[in-house]
Amino acid sequence: MKEMRFDAAVVGGGAAGMAAALEFAARGLTCAVIEREEQLGGILMQCIHNGFGLIEFNEELSGPEFAERFEEKVRKTAITPLCSTTVIEMEVEGEEKVLSCVSSGLGVIRLRAKAVVLAMGCRERNRGNIRIPGSRPAGVYTAGLAQRLVNIEGYVPGKDVVIIGSGDIGLIMARRMSWVGCKVHAVVEILPYPSGLTRNIVQCLNDFGIPLYLSHLTTNIYGKDRVEGVEITPIENGALMLEKSFKIPCDTVLLSVGLVPENELSKNMGIEINPMTNGPYVDACLMTNIPGVFACGNVLHVHDLVDFVVEEARRAGAFAAEWLAGKRGGKEVRVKAGPNVRYVSPSKVAPARDNKLYLRTLVVKNDAVLEVKLNNKIVRQVKKSHVQPSEMITLTLGQAELEAAASAPDSVLEISIQ
Amino acid sequence: MSQELICITCPMGCHLTVEKVADGELSVSGNRCPRGVVYAREELFAPKRTVTATARAARACSGEAACAPSGEARLGGAPRRVPVRSTAAFPKDKVPALLEAIYALEVELPVESGKVLLADALGTGIDVIATRSIR
Amino acid sequence: MKPGSDSFDVAIVGAGVSGANIARRLSAYELDVVLVEKEADVSFGTSKANSGIVHGGFHHNKKYLKARLELQGAMMFDRLKAELDFPFERCGIVVAAMHEDEMRPIEQLYMQGVENGVIGIEMCSRERMLELEPKLSEDCVGGLYAPGGGIVEPYRFVFSLVENAQKNGVRLMTGFAVESAKREGERWTVKAADGRSIKARYVVNAAGLFADEVSRAFGAEDFAIHARKGEYYLLDRMTKCKPARVVFPVPTSVSKGMLVIPTVEGTVLIGPTATAVQDKTDLATTREELDTILKSARNMIPSVSETDVITSFAGLRPFMEEDFYIEPSKKAPAFIQVAGIQSPGLTASPAIGEYVKDLLKKEGLKLVEKADWDPFVRKVPRAKDLSPYELDELVKKDPAYGEIVCRCERVTEAEIVEAIRRGHVTLDGIKYFTRAQMGRCQGGFCTYKILKIIMRETGMGWDEITKRGEGSSVLRGEL
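Protein chains in written order, with my numbering: chain A, 1 to 418; chain B, 1 to 135; chain C, 1 to 479.
I should point out that these hints are in silico values taken from the structure, not numbers from a laboratory. Heads up, the beta-carbon is just placed ideally off N, CA and C, and yes, glycines get one too. Check each hint, because a few of them may be wrong.
Within a straight-line C-alpha distance of at most 25 Å, the following computed PhoX-like cross-link-like pairs (lysine-lysine) qualify [as the list claims (entries may be wrong)]:
1. A:73 / B:115
2. C:135 / A:2
3. A:247 / C:280
4. A:183 / B:115
5. A:267 / A:244
6. C:397 / A:267
7. A:224 / C:135
Covered stretches of chain C (in silico footprint by chain A; criterion: 3 or more residues with CB under 8 Å from a CB of chain A, positions within the stretch not fixed) [said to hold, decoys possible]:
8. 176 to 182
9. 437 to 448
10. 459 to 473
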């Protein structure tokens with residue numbers, strides 16, 4: 001079995017992994033990026049639509065273009081990309097982390113690193129997760145699988161499509177399927193508002209006259225061998241209106257019902273997971289409960305823009321590099337999700353410097369106020385003309401707001417939406 | 001008479017209220033940046049959409065596995081499709097014709113990201129470029 | 001027999017667990033045997049979707065054939081596992097009483113188990129139950145423990161049986177739906193819906209849910225097989241509710257109740273329900289029944305959580321009367337009925353193989369043992385069960401072991417290729433053989449890779465690939 005040794009190992013070669021790795025390289029640290037697919041880029045490679053990079057590059061790129069820009073940077077550094085390589089186990093051995101990685105070319109490698117950045121991304125929730133009853137015919141796919149089949153492999157999974165869930169991938173696929181000659185009959189969303197970005201409702205559904213059924217539950221999938229239709233039931237005042245159920249014939253069901261950070265490797269290593277995000281609990285330096293193991297991107301919490309992913313990943317890489325240089329975090333303050341806030345990431349802030357926070361609202365609201373309280377005292381209020389769960393809110397808090405925490409023990413920072 | 005629009009210039013999705021003032025002039029509110037005004041004007045008078053699709057790869061390519069340790073793409077082989085996009089938003093009514101033109105393309109491999117595959121598509125002055133390098 | 005000949009000594013209709021055991025048993029003799037199956041692969045009927053339990057021998061009275069075969073069959077699994085490399089483990093079975101009223105039936109089960117000669121069966125106090133199974137609810141008042149009960153992957157069991165039977169000369173014909181049969185002289189001519197036909201001196205009807213139709217096609221007894229649907233939930237292998245043993249509730253008069261099963265491959269199965277259905281192809285799950293399962297499972301193990309659910313499915317089991325119906329037809333000559341094989345059919349199945357072999361002998365079939373009968377199948381190394389060192393050695397020999405195709409169940413390209421080479425070319429066939437697509441992402445990440453491997457290995461076109469045979473095409477167009 002081969003051994004390899006690096007200052008840092010990054011698990012996952014998507015946008016987050018590449019951005020984190022570049023931080024190590026910039027500081028002269030050795031680093032490996034372990035990627036299970038044949039090329040770097042992660043899920044961006046199948047996201048051939050545009051809309052990536054507005055913040056990062058100030059232009060609208062497609063997914064592969066965005067990925068390629070990072071890949072080129074990676075190639076110009078001493079970063080070692082290990083593609084077609086899967087991490088099967090991570091352990092802590094004294095000061096080192098040992099990653100068992102397997103590839104067809106090198107067999108199993110025992111890869112030793114002092115710091116690890118987790119950047120494995122997320123997976124799609126599937127039919128079982130949301131428990132749609134009915135038969136189990138061919139033709140039920142997650143939107144991401146359909147995206148891979150259409151955009152990279154060049155195969156069309158079906159001709160008459162119903163999309164369950166209004167997540168962005170589902171909306172993007174509604175347009176994509178329409179553009180390859182399929183008929184998308186409906187998008188069905190259980191919530192009273194769409195899960196995807198507004199712009200995608202406009203340009204992926206409205207442009208094609210695809211009906212969006214809000215507050216509707218998919219109550220059955222029909223078809224013995226191949227999908228023949230779905231049964232949709234409206235929800236009124238929280239109750240299923242079974243007598244108003246109707247059937248939509250189709251041969252394909254695509255599911256876009258949410259994403260889950262993929263943390264099975266992390267869990268097996270002993271990393272504690274936040275049930276609200278399904279990502280690791282991290283401190284103000286994006287470090288997990290295992291010293292020297294950091295997390296960023298969609299494995300930490302599901303982002304809606306890749307631009308935010310790379311921003312977070314850069315910080316994770318930089319923090320990990322500082323940690324490798326011996327710097328240890330100072331005092332930190334616990335962050336709490338207050339009323340109307342689903343979660344805040346990270347779960348701690350450092351009062352001595354600027355902290356970038358990402359949060360998601362539980363409510364749809366116009367003219368909302370983001371309220372930040374430190375030990376029950378309002379330290380910041382931000383007006384938001386519109387908030388909705390599908391759009392992540394960013395917030396930077398610095399010394400100005402957090403000063404009081406430096407002296408008070410057991411300080412708590414609470415963020416709420418009023 | 002006012003009209004509600006959702007700006008799709010960026011992911012913010014500003015809810016615009018557009019009012020026609022005299023002489024084809026528009027009054028736009030709800031936008032968080034000046035691009036909202038431009039969008040409203042375009043959407044009302046000449047709607048446009050960026051088109052992304054894939055085109056047929058003309059022949060097999062043995063690359064793609066450059067970073068695989070074995071130098072061998074076990075499941076890869078020749079990519080069959082090359083992702084493409086229009087270099088600017090395209091007149092909405094001409095999108096179906098553009099898609100047809102893209103599907104008729106045969107892209108020679110290797111191809112570099114950014115390579116113009118269809119210049120001045122349908123006489124709009126807008127190009128269609130490859131968005132992924134396949135070497 | 002000449003290769004390609006269509007004339008056999010014995011034809012077995014139905015490649016479920018009964019048919020597969022009969023075929024494998026007969027493969028030890030100098031006989032030409034054909035196993036015909038209407039589905040695209042073997043084990044695609046009742047045998048693929050059940051609880052996967054090797055029962056503890058206490059549920060049924062010995063007066064029934066099914067109980068006697070259960071007791072005999074259960075004892076045969078250790079040897080079969082050694083020969084046939086399928087996942088099986090004697091993890092033990094507990095029956096949990098959740099109310100004082102349930103202790104009386106527990107006593108009866110215990111007495112029945114003792115009567116049946118079940119080794120190690122134990123009446124348990126509440127404390128003993130919680131010690132045996134700490135995940136049980138505090139409300140448990142006592143129960144029963146049968147240490148010899150176990151868990152098995154039913155489809156892998158069938159795959160191995162059929163593979164071994166084939167290795168010993170049995171011919172398998174899939175997609176062969178029996179349509180009609182005619183007795184001419186000493187032989188049956190059996191015609192399939194697709195026009196193929198075979199000839200055989202003896203026929204065994206192991207057609208499961210459709211044994212009634214097959215019986216009629218042969219002019220044999222006219223009986224009706226009814227279908228009872230059992231719905232299940234499969235839970236992620238990382239669930240916190242995984243018990244160490246199979247947990248049964250106290251049975252009712254109609255069923256053994258809804259169980260919590262730690263599957264032999266590490267996931268957890270809860271269910272089944274038991275609902276009579278008219279349509280014998282109706283495998284749909286229903287909202288109400290699935291809710292019942294969760295409630296029932298939580299009653300015994302409170303940590304069962306719907307957030308751990310990765311998929312749900314339903315299986316149909318045949319029932320016709322209280323007992324199995326295994327005997328030579330009184331109407332049709334040289335025709336053995338193996339019908340009404342309900343629970344504990346899987347447990348009993350190896351003994352059914354023996355029993356049917358003996359019936360055939362009584363009916364005049366000459367049994368001469370093969371000198372070169374090989375009871376073993378070639379083991380397929382599974383990446384998930386290997387240490388990093390072992391996996392490394394394997395990749396050196398076959399680089400395809402270094403390509404993880406299914407990340408959730410850690411299945412490599414080599415294992416997919418092995419499945420295909422053994423004849424499993426549908427997505428479901430590959431799933432049951434390898435576990436790829438069976439994990440928490442349910443194929444979201446690996447399906448496209450498997451499609452590519454199928455095309456590469458078999459030369460099939462994209463439009464020929466199905467989920468589980470005709471009509472279930474996976475792709476509908478090419479760009």
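> Where does the structure disagree with the numbered hints, that is, which hint numbers, in rising order?
Replying inline: 2, 4, 5, 6, 7, 8
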